[in-house]
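Turn these sequences into a full structure, and let the hints guide you.
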Amino acid sequence: MPVVVVVVVVVVVVVVVVVVEVLVAVVVILSWWIKGLRREEKFRYSDEPLKDPFIKERFEIELRSKFRILESIDEEATTFEDVEELWNMAGTGWTKAYKEVLGLQKQHHKPWIPSRPLDLIQVKKKKKDNYCEQK
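If you're matching positions, the sequence shown starts at 14 in the numbering used here and goes up one per residue.
Hints listed in this document are in silico derivations from the structure and should not be mistaken for laboratory results.
If a hint is listed, it holds; no wrong ones were tucked in.
When the alpha-carbon atoms are kept at most 25 Å apart in a straight line, the in silico BS3-like pairs for lysine-lysine are as follows: (1) Lys148 / Lys137; (2) Lys119 / Lys69; (3) Lys109 / Lys119; (4) Lys79 / Lys109; (5) Lys119 / Lys64; (6) Lys79 / Lys64; (7) Lys79 / Lys112; (8) Lys112 / Lys64.
Quick list of the computed label-pair ranges, beta carbon to beta carbon: (9) Trp125 / Arg57: 18 to 24 Å; (10) Trp46 / Pro124: 32 to 38 Å; (11) Val23 / Leu131: 54 to 60 Å; (12) Lys148 / Ile42: 51 to 57 Å.
Glycine included, C-beta positions come from ideal geometry on N, C-alpha and C.
Okay, here's the thing in C-alpha coordinates:
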(Lines of atoms letter the chains of each structure in order from A and count residues from 1; the text may use other names and numbers.)
(Lines give C-alpha, C1' and ligand atoms only; values in the text may rest on other atoms or scores of the structure.)
Protein backbone atom coordinates (compact mmCIF):
# COMPACT_ATOMS: atom_id res chain seq x y z
CA MET A 1 0.00 0.00 0.00
CA PRO A 2 2.72 2.57 0.78
CA VAL A 3 4.35 1.97 -2.62
CA VAL A 4 1.09 2.85 -4.36
CA VAL A 5 0.86 6.11 -2.37
CA VAL A 6 4.41 7.06 -3.35
CA VAL A 7 3.71 6.35 -7.01
CA VAL A 8 0.53 8.44 -6.90
CA VAL A 9 2.37 11.33 -5.25
CA VAL A 10 5.14 11.19 -7.88
CA VAL A 11 2.59 11.15 -10.70
CA VAL A 12 0.73 14.12 -9.19
CA VAL A 13 3.98 16.08 -8.81
CA VAL A 14 4.97 15.33 -12.42
CA VAL A 15 1.55 16.42 -13.69
CA VAL A 16 1.73 19.65 -11.68
CA VAL A 17 5.21 20.43 -13.03
CA VAL A 18 4.09 19.82 -16.62
CA VAL A 19 1.00 22.00 -16.18
CA VAL A 20 3.13 24.82 -14.73
CA GLU A 21 5.60 24.59 -17.62
CA VAL A 22 2.78 24.71 -20.16
CA LEU A 23 1.28 27.75 -18.44
CA VAL A 24 4.64 29.52 -18.44
CA ALA A 25 5.06 28.77 -22.15
CA VAL A 26 1.59 30.14 -22.89
CA VAL A 27 2.34 33.34 -20.96
CA VAL A 28 5.62 33.81 -22.82
CA ILE A 29 3.97 33.28 -26.21
CA LEU A 30 1.16 35.70 -25.33
CA SER A 31 3.66 38.34 -24.24
CA TRP A 32 5.53 38.00 -27.54
CA TRP A 33 2.26 38.28 -29.44
CA ILE A 34 1.18 41.38 -27.49
CA LYS A 35 4.57 43.03 -28.05
CA GLY A 36 4.24 42.28 -31.76
CA LEU A 37 0.84 43.96 -31.87
CA ARG A 38 2.05 47.03 -30.02
CA ARG A 39 5.14 47.49 -32.11
CA GLU A 40 4.65 50.12 -34.75
CA GLU A 41 6.10 49.22 -38.05
CA LYS A 42 8.86 51.61 -38.94
CA PHE A 43 9.39 52.14 -42.61
CA ARG A 44 12.30 53.76 -44.28
CA TYR A 45 11.26 55.90 -47.18
CA SER A 46 13.42 56.43 -50.20
CA ASP A 47 14.74 59.96 -50.66
CA GLU A 48 16.49 59.05 -53.91
CA PRO A 49 13.53 60.12 -56.12
CA LEU A 50 13.74 63.67 -54.70
CA LYS A 51 16.73 64.27 -56.98
CA ASP A 52 14.31 64.32 -59.90
CA PRO A 53 12.82 67.87 -60.11
CA PHE A 54 9.42 66.61 -61.31
CA ILE A 55 9.04 64.19 -58.39
CA LYS A 56 10.34 66.81 -55.95
CA GLU A 57 7.70 69.28 -57.13
CA ARG A 58 5.00 66.61 -56.94
CA PHE A 59 6.08 65.76 -53.39
CA GLU A 60 5.94 69.42 -52.33
CA ILE A 61 2.45 69.78 -53.81
CA GLU A 62 1.31 66.63 -52.01
CA LEU A 63 2.68 67.91 -48.70
CA ARG A 64 1.00 71.28 -49.15
CA SER A 65 -2.33 69.61 -49.81
CA LYS A 66 -1.94 67.37 -46.73
CA PHE A 67 -1.07 70.30 -44.46
CA ARG A 68 -3.71 72.65 -45.86
CA ILE A 69 -6.11 71.06 -43.35
CA LEU A 70 -3.86 72.22 -40.52
CA GLU A 71 -3.86 75.81 -41.79
CA SER A 72 -7.63 76.03 -41.53
CA ILE A 73 -7.61 75.08 -37.84
CA ASP A 74 -7.66 78.01 -35.46
CA GLU A 75 -4.74 78.84 -33.19
CA GLU A 76 -6.81 78.23 -30.05
CA ALA A 77 -5.92 74.55 -29.70
CA THR A 78 -5.19 74.59 -26.00
CA THR A 79 -6.32 71.22 -24.72
CA PHE A 80 -4.06 68.22 -24.80
CA GLU A 81 -6.48 66.26 -27.00
CA ASP A 82 -6.56 69.04 -29.61
CA VAL A 83 -2.79 69.26 -29.78
CA GLU A 84 -2.49 65.47 -29.89
CA GLU A 85 -5.01 65.29 -32.73
CA LEU A 86 -3.13 67.97 -34.68
CA TRP A 87 0.14 66.13 -34.13
CA ASN A 88 -1.35 62.86 -35.38
CA MET A 89 -2.84 64.60 -38.43
CA ALA A 90 0.55 66.11 -39.26
CA GLY A 91 2.33 62.78 -38.84
CA THR A 92 -0.14 60.85 -40.96
CA GLY A 93 -0.05 63.55 -43.64
CA TRP A 94 3.72 63.36 -43.80
CA THR A 95 3.84 59.54 -43.99
CA LYS A 96 1.04 59.37 -46.57
CA ALA A 97 2.86 61.85 -48.79
CA TYR A 98 6.06 59.85 -48.50
CA LYS A 99 4.31 56.58 -49.29
CA GLU A 100 2.35 57.94 -52.24
CA VAL A 101 5.10 59.92 -53.94
CA LEU A 102 8.48 58.51 -52.88
CA GLY A 103 7.76 54.94 -51.88
CA LEU A 104 9.62 52.64 -49.53
CA GLN A 105 13.37 52.26 -49.56
CA LYS A 106 14.57 49.07 -51.17
CA GLN A 107 16.55 46.80 -48.91
CA HIS A 108 19.93 45.76 -50.18
CA HIS A 109 21.00 42.52 -48.58
CA LYS A 110 24.67 41.73 -48.43
CA PRO A 111 25.72 38.17 -49.22
CA TRP A 112 26.04 36.00 -46.15
CA ILE A 113 29.60 34.96 -46.96
CA PRO A 114 31.76 37.09 -49.26
CA SER A 115 33.21 35.42 -52.34
CA ARG A 116 36.85 35.52 -51.20
CA PRO A 117 36.39 33.18 -48.20
CA LEU A 118 34.31 30.85 -50.39
CA ASP A 119 37.14 30.74 -52.91
CA LEU A 120 39.65 29.96 -50.15
CA ILE A 121 37.41 27.15 -48.90
CA GLN A 122 37.30 25.67 -52.42
CA VAL A 123 41.11 25.88 -52.75
CA LYS A 124 41.57 24.19 -49.38
CA LYS A 125 39.12 21.45 -50.34
CA LYS A 126 40.95 20.80 -53.62
CA LYS A 127 44.29 20.59 -51.82
CA LYS A 128 42.82 18.18 -49.30
CA ASP A 129 41.34 16.01 -52.05
CA ASN A 130 44.67 15.96 -53.91
CA TYR A 131 46.50 15.00 -50.74
CA CYS A 132 44.02 12.19 -50.01
CA GLU A 133 44.34 10.85 -53.57
CA GLN A 134 48.15 10.69 -53.28
CA LYS A 135 47.99 8.39 -50.26
